[in-house]
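J.: Listed here are the chains, written in short residue letters.
Protein chains: 2
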Amino acid sequence: MNKQDKILIIGAGLCGSLLALRLAQRGYKIELYESRPDLRKVDISAGRSINLALSDRGLKALRLCGMEKKAKEISIPMYGRFMHDKEGNTFESNYSGREGEYINSISRGDLNAILLDEAEKHENVNIHFNSSCENVDIENTIAHFKDYKSKRKFFVKADVIFGADGAGSALRKSYISERKFLFSYSQNYLNHGYKELEIPADNSGNHQISKSHLHIWPRGDFMLIALPNLDGSFTVTLFLSYNEGEYNFENLTTTEKINEFFEKEFPDALALIPNIKKEFSQNPTGALGTVKCSPWSYLNKTLLIGDAAHAIVPFYGQGMNASFEDVFVFDEILNQELSDWKSVFKAYEKARKKDTDAIADLAIDNFYEMRDHVANPLFKEKRKIEMDLEKTFPNQYFSKYSLVTFNENIVYNEAMKRGRAQDKALLNLIVDDEVHTHLNMTKEELRSILDKVIHETDKILQEDKIAGL
Amino acid sequence: MNKQDKILIIGAGLCGSLLALRLAQRGYKIELYESRPDLRKVDISAGRSINLALSDRGLKALRLCGMEKKAKEISIPMYGRFMHDKEGNTFESNYSGREGEYINSISRGDLNAILLDEAEKHENVNIHFNSSCENVDIENTIAHFKDYKSKRKFFVKADVIFGADGAGSALRKSYISERKFLFSYSQNYLNHGYKELEIPADNSGNHQISKSHLHIWPRGDFMLIALPNLDGSFTVTLFLSYNEGEYNFENLTTTEKINEFFEKEFPDALALIPNIKKEFSQNPTGALGTVKCSPWSYLNKTLLIGDAAHAIVPFYGQGMNASFEDVFVFDEILNQELSDWKSVFKAYEKARKKDTDAIADLAIDNFYEMRDHVANPLFKEKRKIEMDLEKTFPNQYFSKYSLVTFNENIVYNEAMKRGRAQDKALLNLIVDDEVHTHLNMTKEELRSILDKVIHETDKILQEDKIAGL
Numbered sequence: 001m002n003k004q005d006k007i008l009i010i011g012a013g014l015c016g017s018l019l020a021l022r023l024a025q026r027g028y029k030i031e032l033y034e035s036r037p038d039l040r041k042v043d044i045s046a047g048r049s050i051n052l053a054l055s056d057r058g059l060k061a062l063r064l065c066g067m068e069k070k071a072k073e074i075s076i077p078m079y080g081r082f083m084h085d086k087e088g089n090t091f092e093s094n095y096s097g098r099e100g101e102y103i104n105s106i107s108r109g110d111l112n113a114i115l116l117d118e119a120e121k122h123e124n125v126n127i128h129f130n131s132s133c134e135n136v137d138i139e140n141t142i143a144h145f146k147d148y149k150s151k152r153k154f155f156v157k158a159d160v161i162f163g164a165d166g167a168g169s170a171l172r173k174s175y176i177s178e179r180k181f182l183f184s185y186s187q188n189y190l191n192h193g194y195k196e197l198e199i200p201a202d203n204s205g206n207h208q209i210s211k212s213h214l215h216i217w218p219r220g221d222f223m224l225i226a227l228p229n230l231d232g233s234f235t236v237t238l239f240l241s242y243n244e245g246e247y248n249f250e251n252l253t254t255t256e257k258i259n260e261f262f263e264k265e266f267p268d269a270l271a272l273i274p275n276i277k278k279e280f281s282q283n284p285t286g287a288l289g290t291v292k293c294s295p296w297s298y299l300n301k302t303l304l305i306g307d308a309a310h311a312i313v314p315f316y317g318q319g320m321n322a323s324f325e326d327v328f329v330f331d332e333i334l335n336q337e338l339s340d341w342k343s344v345f346k347a348y349e350k351a352r353k354k355d356t357d358a359i360a361d362l363a364i365d366n367f368y369e370m371r372d373h374v375a376n377p378l379f380k381e382k383r384k385i386e387m388d389l390e391k392t393f394p395n396q397y398f399s400k401y402s403l404v405t406f407n408e409n410i411v412y413n414e415a416m417k418r419g420r421a422q423d424k425a426l427l428n429l430i431v432d433d434e435v436h437t438h439l440n441m442t443k444e445e446l447r448s449i450l451d452k453v454i455h456e457t458d459k460i461l462q463e464d465k466i467a468g469l
Numbered sequence: 001m002n003k004q005d006k007i008l009i010i011g012a013g014l015c016g017s018l019l020a021l022r023l024a025q026r027g028y029k030i031e032l033y034e035s036r037p038d039l040r041k042v043d044i045s046a047g048r049s050i051n052l053a054l055s056d057r058g059l060k061a062l063r064l065c066g067m068e069k070k071a072k073e074i075s076i077p078m079y080g081r082f083m084h085d086k087e088g089n090t091f092e093s094n095y096s097g098r099e100g101e102y103i104n105s106i107s108r109g110d111l112n113a114i115l116l117d118e119a120e121k122h123e124n125v126n127i128h129f130n131s132s133c134e135n136v137d138i139e140n141t142i143a144h145f146k147d148y149k150s151k152r153k154f155f156v157k158a159d160v161i162f163g164a165d166g167a168g169s170a171l172r173k174s175y176i177s178e179r180k181f182l183f184s185y186s187q188n189y190l191n192h193g194y195k196e197l198e199i200p201a202d203n204s205g206n207h208q209i210s211k212s213h214l215h216i217w218p219r220g221d222f223m224l225i226a227l228p229n230l231d232g233s234f235t236v237t238l239f240l241s242y243n244e245g246e247y248n249f250e251n252l253t254t255t256e257k258i259n260e261f262f263e264k265e266f267p268d269a270l271a272l273i274p275n276i277k278k279e280f281s282q283n284p285t286g287a288l289g290t291v292k293c294s295p296w297s298y299l300n301k302t303l304l305i306g307d308a309a310h311a312i313v314p315f316y317g318q319g320m321n322a323s324f325e326d327v328f329v330f331d332e333i334l335n336q337e338l339s340d341w342k343s344v345f346k347a348y349e350k351a352r353k354k355d356t357d358a359i360a361d362l363a364i365d366n367f368y369e370m371r372d373h374v375a376n377p378l379f380k381e382k383r384k385i386e387m388d389l390e391k392t393f394p395n396q397y398f399s400k401y402s403l404v405t406f407n408e409n410i411v412y413n414e415a416m417k418r419g420r421a422q423d424k425a426l427l428n429l430i431v432d433d434e435v436h437t438h439l440n441m442t443k444e445e446l447r448s449i450l451d452k453v454i455h456e457t458d459k460i461l462q463e464d465k466i467a468g469l
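Going down the list, the protein sequences come from chains A and B.
Its first residue numbered 1, the first sequence is counted upward by one per residue in the UniProt record's numbering.
Its first residue numbered 1, the second sequence is counted upward by one per residue in the UniProt record's numbering.
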């Protein structure tokens, strides 16, 4: 915990850059290593998660580091979902009934760039690109690298090593291979992969569909989504099974079949994606995996953070937000002024692990919700009631989505427990005909629904607690 | 699916031996490889899971192979739990209110031996000991071995390879390292380890405590259990945290401290374990891990089965039973006469995976139940009611324990869902003062309780279903 400690951070992606910045602001000496070239000089993002949804938990961490304003300047607000059915009919569904609650579409590369710019302003930060970490000698805190250009191998000795090196973390792999302790670890893949496509801007450089929404084409077993970019384009992502159903990534191998699939399922989107043939064949098909593990740290030597500790599927738009919140929580632990890194690492995992487990599970839930439930009449009635409740009782009702996305002071695990119980209560009240919705609900009617939902939610939480003894 | 196919089974433990026997009975040609020496000639079991609980799912599979009677001959029936508190007070709790429902303590080695004896009677089975599988070339179905004695390496080519090689499966490791497909995989350790001790027979060769029970010394954060052996001894197992609490495996390093711990927590047991000093220091501390993975098979070439596919913690006494049931379910799939091994493997995993996931989760539940809940007054009242219900309505009420242990025709996943809902219903009925128990319940009183439990259970299951949309 000496400010003279040499701190090595592996990975200058979103989490690693923000962590480097924050630790530099606190006065630590940081060596930041990144496997790829400097993304501010080379375009390296094609076909992979070009834009992301930035929301309140991420903003909270950016604010801590003085970066909120700069991030918002390069963001596009999305106020809700914009659903497209097969016939081209559309309907909107807000993310919140409250004013001022929205998520932000932001370019991964642009955000990463402003974080690197800011980190570099600190003379106690050195950034090294093209340095791919191959493994870490965790006992001696030595990281082994390979230079991307010269292929030369080298190593760096540090006092403390942070692995912010993403879902394929080299530090995490070293935890597994070195077998110094019992390491609980899981990698779970969905049977769906994803592929990115593009809706370009129109001739005037404007967005061709509403840029104030996250667009969804839900089709039960698969779906298409689109997020707006600043240049008027949309990044479109197809989520589809590798090998199940009539159409899947394994059998969509010819232009005819790809066209047939899009003509049948997404005709309105197809009309907006001129380069579908090239993009479908050239962009990679990405896997959708969840990684959980524990412990995150080894003694007073190393710590996993961000995706390296908890990679999640993208369906709650919380991957980046969770990683940024990691930095926020880690900073809070540092404020406790514990005596050594080991205590800091343990306190951090104790405070954080249940929450990153929760958002991983919530993200899987939302996969089913987005591709399937959003078009379900029961689900739609529930969302209608929730929007009315949030609008009418902005300080008393928060949907699961709001709890997770807009209530950055409620930890993920609490948001999950309360949100799931509330969803269960409301769905069952609707099915049991205990609550009804119509176009113009009076405040008294809504008050009565709110009371029932709160009562049933508390009952469910209480019964679950008793069942757990 | 040709009877002339060369089938290689890695692992001649309980699952591999039974699988070899069953496939031999069906006329297949089997090469069975085992890393250890022939356990019928060498004693190799010291300090590790000496005895196990055999129950109805295991017996069902043994029956299929004509081995039930022989197994029962070397079993000791255990009718319930026998709890010991710190003051030496005891109370019993039956596993079932029905006649003839009990579990069986059996020696792992003895059972393995009779399975090997039976398998060897088939001329289409060849057993090779001292052959440790190092890895499998899954594309070419070649298993690489090392001879335990000569250290010579050799390989075996087969048409189909079954990995019945336990929690540390070499075949499963090859799935991970060969990266031919997206392999979902998890290994999760409890923070508790285990150590085996022994209560020897008395001078006349008799059991010193009731041999008709599984003994438990529940202490909240840790516990001791004991299962009877045929020779009058008990195998005792201590489950204790590695590094948490006042006493743990990391700090129990001196004879004084070990004695102090047992004197304070288990004085009655300590008096029965004369060699505690030697056993505590010499027997290994085992880890308690759960392994889940998917897919279990690769094309028409390889399949994981038993612990290799799904290692679980021992707290439901279902590890061996689940592995034996694997063989039963696999045999049922073979009865469908599908066209090729790939179809068989896929159908088998589709039929089986949700059930092995369920028993893994149930086993974790039971860890908390055994070390903690069994001594809880609310839990005890629930068990009392359940015993009365099972006794009075033997065809209408089945506790979760009965569903899992004695109802071999109800799959684990159904037993888990129904059992958990039923526990939740009953616990909440007790807390809400909707049901009461007293010494001599009339049939009418019990009937009324039964009706309430069934009603509440169905309601819980229905509400869960709606919440899942």
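Everything labelled a hint here was simulated from the structure, so no lab data went into it.
Cβ atoms here follow ideal geometry from the backbone N, Cα and C, with glycine treated the same way.
A couple of the hints might just be wrong.
[Stated by the list, open to error] Pairwise CB distance ranges (calculated): (1) PRO394/A - ASP458/B: 34 to 40 Å; (2) ASN440/A - SER448/B: 44 to 50 Å; (3) GLU332/B - LEU461/A: 38 to 44 Å; (4) GLY220/A - ASP458/B: 24 to 30 Å; (5) ASN140/A - GLU139/B: 33 to 39 Å; (6) PRO37/A - GLU332/B: 37 to 43 Å; (7) GLU250/A - GLU139/B: 56 to 62 Å.
J.: Checked against the structure, which of the hints given earlier come out wrong?
T.: Hints 6 and 7 are the ones this structure does not satisfy, whereas the remaining hints hold.
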